[in-house]
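A.B. asks: Residue-level listing of the chains:
Number of protein chains: 2
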Amino acid sequence: MNPCNTSSYPALYTDLYELTMAEGYYFSGKYGQDAVFDYFFRRNPYEGGYTVFCGLSGLLEQLENFRFPPESLEYLLSKGFRKEFLDYLSGFRFTGNVWSVEEGEIVFPNEMILRVEGNILETQLIETLVLNILNFESLIATKASRIRRVAGDRMVMDFGLRRAQGMAGLQASRAAYIGGVDSTSNVLAGYLYGIPVSGTQAHSWVQSFDSELEAFREYARVHPNRAVLLVDTYDTLASGIPNALTVAAEMKKDGKKLAGIRLDSGDLAYLSRKAREMLDGEGFPDVKIFASNQLDEYTIQSLNQQEAPIDGFGVGTKLITGKESAALDGVYKLSYRNGAPWMKISENLEKVTLPGIKKLVRCFDEEGRMTADALTLELEGEVEEIFHPVQIGKHCRITQYEQKCLLHPFMQNGKRAKKFPPIEQIRDAVRIKLGKLPAEHQRFENPHIYRVGISGELMKLRDELVKKLNSTRKIH
Amino acid sequence: MNPCNTSSYPALYTDLYELTMAEGYYFSGKYGQDAVFDYFFRRNPYEGGYTVFCGLSGLLEQLENFRFPPESLEYLLSKGFRKEFLDYLSGFRFTGNVWSVEEGEIVFPNEMILRVEGNILETQLIETLVLNILNFESLIATKASRIRRVAGDRMVMDFGLRRAQGMAGLQASRAAYIGGVDSTSNVLAGYLYGIPVSGTQAHSWVQSFDSELEAFREYARVHPNRAVLLVDTYDTLASGIPNALTVAAEMKKDGKKLAGIRLDSGDLAYLSRKAREMLDGEGFPDVKIFASNQLDEYTIQSLNQQEAPIDGFGVGTKLITGKESAALDGVYKLSYRNGAPWMKISENLEKVTLPGIKKLVRCFDEEGRMTADALTLELEGEVEEIFHPVQIGKHCRITQYEQKCLLHPFMQNGKRAKKFPPIEQIRDAVRIKLGKLPAEHQRFENPHIYRVGISGELMKLRDELVKKLNSTRKIH
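If you read the protein sequences in the order shown, they are chains U and G.
Residue numbering for the first sequence follows the working numbering, starting at 1 and increasing by one per position.
Residue numbering for the second sequence follows the working numbering, starting at 1 and increasing by one per position.
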């Protein structure tokens with residue numbers, strides 16, 4: 001259940017041209033023709049070496065609710081759509097199949113990670129929804145996994161809601177959790193998705209009292225079991241930490257424990273070291289130090305290099321908006337239509353798409369490490385050799401140790417064909433799967449490019465189709 | 001009506017710490033104390049010279065629906081909140097006042113643009129919602145206004161939904177329209193907000209037919225009054241435009257008119273010039289040329305410099321995510337509490353806030369151009385001199401020609417106090433207001449900084465309060 005999505009009108013949360021094309025298919029009499037679309041992206045976000053796939057459960061939920069309520073049809077009538085077509089839409093349901101990698105799967109550029117089968121009208125009509133949801137949630141889950149990587153075992157908290165792109169904050173908090181964040185400040189995400197929530201006090205709490213000490217005392221009195229005191233409202237070292245120590249001592253007398261302090265400004269490496277000394281010096285080695293303020297994987301990496309004694313990180317804007325990338329460039333391309341493989345040819349080889357109904361195979365070595373992915377035709381067996389999809393003649397043998405098909409049938413004839421695992425399990429899967437991806441693909445600077453190739457059979461199909469299309473079409 | 005926002009649970013769409021602080025205020029017995037919070041931001045997005053304020057109507061709608069339904073209270077109970085406090089929340093309503101500049105107003109860093117008055121608990125509790133909505137919608141409206149500026153009278157279409165940050169696409173399309181875009185591809189935004197919608201066909205339409213010509217013909221047959229043909233699926237100059245010309249000629253024979261063609265790849269300056277020549281040469285000077293593909297204010301500016309004959313622009317990712325900035329850094333700060341002005345003092349002068357209940361005054365010169373803004377105390381009269389808020393001693397006299405108070409009471413005692421103008425009117429207001437902002441503040445590179453100062457009285461209040469706070473608080 002998700003009251004915050006577009007569920008009242010998922011079918012309208014689309015680009016107008018999906019509807020004008022659907023009307024076109026309808027009146028050209030070809031809307032019953034079968035079609036297959038592939039979802040893939042061309043570049044990893046953040047100039048990274050991998051992407052965490054996320055958003056599938058939200059997408060399938062929307063597809064199940066994909067309807068055109070009467071008031072929406074009246075609206076479309078006013079926009080010039082024809083009555084006969086709208087009558088058709090009034091009973092519209094998505095009745096196709098969705099094959100996809102699991103949510104939380106590690107994926108790479110130019111490999112099909114989701115495949116939609118159905119008639120040309122319905123498969124086209126859902127394009128915008130597919131792209132909108134998968135592009136965004138994968139963007140955020142990937143960012144979160146990068147931050148998790150540098151944070152190691154320490155706590156990472158999503159504090160981004162106030163800087164999230166409006167309503168996107170809900171999906172973003174879910175995706176961030178799946179990607180590896182430990183908790184969110186977003187209460188609604190906690191309520192709807194069962195994500196742990198965290199958060200304690202703002203500067204305004206401290207300022208609402210006549211003195212910082214009074215503010216700390218009062219907070220500890222009301223929340224004795226989860227008090228994290230924000231120590232930088234006035235002066236971190238001269239006032240904030242000394243006052244926190246006073247309260248920690250008072251709590252100790254009452255048999256309670258101060259949970260932690262939070263630094264939200266200044267030089268976090270310097271201040272955290274000073275804070276640790278002061279806390280330890282007064283006999284509070286258990287009081288944790290949390291830090292926030294424009295953090296991301298790079299600032300945390302830098303704090304690591306400086307051995308800053310920080311126990312947990314509050315991460316905001318850069319996580320929740322996927323700032324440097326802002327969007328994943330996922331696309332949705334026709335690969336099969338009217339009974340035959342199809343593709344987009346282009347002068348730019350990199351924009352050529354791969355024809356036919358395909359599967360995605362992942363190869364592992366003897367230690368269980370991922371070594372390469374291969375796109376093959378659906379009916380092919382194990383792959384022995386893969387070809388570079390663009391650089392002609394470049395090919396290599398691939399390991400035979402283990403191969404897994406990554407696409408599973410998640411929706412059949414418009415109905416969910418698979419139960420979703422609980423969110424914790426998706427999150428664990430990300431961690432486990434990343435554990436199998438060699439570190440050189442995970443580093444931030446110039447990551448080693450993970451091999452994604454195509455089978456010989458697929459290459460043959462593609463090359464024949466290119467020839468055929470070029471010969472029958474009016475191109476000089 | 002907006003079924004796509006968080007309206008079922010606006011009160012849960014918040015950071016947890018707003019609730020833990022509210023509980024703190026409740027049990028410390030000070031929740032009835034009065035408080036005033038100011039909303040402002042510190043930097044214009046995109047390194048620009050101004051910001052278009054947007055999001056007010058969505059915010060007020062959410063504040064009117066700010067409730068804690070029973071199931072949400074059960075959830076909070078499970079998270080450790082106390083029964084007595086939750087009983088209080090069960091009847092909670094926001095009963096405060098909201099003063100704000102109009103939606104569509106042109107605003108600047110460090111000036112209060114929205115003021116919330118009420119008790120400390122309720123004014124604190126709505127913080128996240130205020131920031132989430134206003135930060136995002138203002139970010140997008142500002143981006144749209146920059147694109148509008150370079151597009152001049154030509155059509156600008158929002159095509160961003162597929163790359164929008166999930167559900168944020170709805171708010172983004174509304175904000176983009178207010179900021180100056182002419183239409184959106186987002187059907188739901190069209191339906192809910194009455195924004196014009198536009199969009200025609202994708203590459204997949206063209207590919208779903210055996211030939212490009214057949215695809216164009218069929219589209220023109222089904223949509224004779226709004227056919228814009230996408231000409232770059234195979235080869236723009238060798239195939240796309242010639243086929244479009246064939247269809248244009250066929251339509252002409254039937255007394256119809258091809259509306260336009262769209263270029264979505266390649267060198268748009270070169271291709272648009274070639275396309276214009278070809279269209280004109282065959283007697284179709286009225287067929288419009290639209291362009292899309294990673295456009296923003298800079299690429300359009302470059303196309304302008306090359307005099308590319310483009311009649312309309314489809315703008316996607318960079319508009320709908322506000323890419324370079326990703327977030328506006330708006331904050332919400334306590335300025336008055338328990339009957340007296342209050343402020344945040346900090347070692348960093350730029351982070352010092354301004355105390356007291358203030359108003360925002362805008363000064364105009366004799367030609368109606370904006371010259372400076374001034375923050376003054378609420379009961380002050382006209383301002384004659386303003387002071388730089390940070391650089392001590394820097395001050396200047398300001399024009400007396402016309403001064404306007406920009407804050408209006410939009411909500412009183414929790415009820416909407418003002419009807420919202422229709423969206424078209426907000427959009428027109430942006431255009432008119434930007435017409436009064438001198439061009440040097442609107443240019444993209446190193447824009448001239450618009451003057452925002454404080455009155456002498458406000459400065460006096462601030463300086464006295466700093467002295468007092470420093471003397472009474474334990475700061476060395």
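Treat the hints as calculated values from the structure; they're not laboratory data.
There may be inaccurate statements among the hints.
Since the list can't tell identical chains apart, any single copy or any two copies may satisfy a pair.
To be verified - Here are the simulated SDA-like cross-link-like pairs (lysine to any residue), alpha carbons at most 20 Å apart as the crow flies:
(1) K468 <-> I392
(2) K351 <-> K467
(3) K256 <-> G80
(4) K436 <-> A340
(5) K256 <-> D365
(6) K344 <-> G266
A.B. asks: Confirm or reject each hint.
C.D. replies: Hints and how they fare:
Proximity of K468 and I392 under a CA criterion of 20 Å is satisfied intra-copy only: 19 Å inside one chain copy versus 76 Å between copies. In the homo-oligomer, the alpha carbons of K351 and K467 lie at most 20 Å apart inside one protomer (16 Å), although the nearest pairing across protomers, at 65 Å, exceeds that limit. In this assembly of identical chains, the alpha carbons of K256 and G80 lie at most 20 Å apart only when taken from different copies (17 Å versus 69 Å within one copy). In this homomeric assembly, K436 and A340 never come within 20 Å of each other (Cα to Cα): the closest approach is 37 Å inside a single copy and 60 Å across copies.
In this assembly of identical chains, K256 and D365 lie within 20 Å of each other by CA distance neither inside one copy nor across copies; the values are 52 Å within and 63 Å between. For the homomeric pair K344 and G266, the shortest alpha-carbon distance between copies (16 Å) is at most 20 Å, but the shortest distance inside one copy (53 Å) is not.
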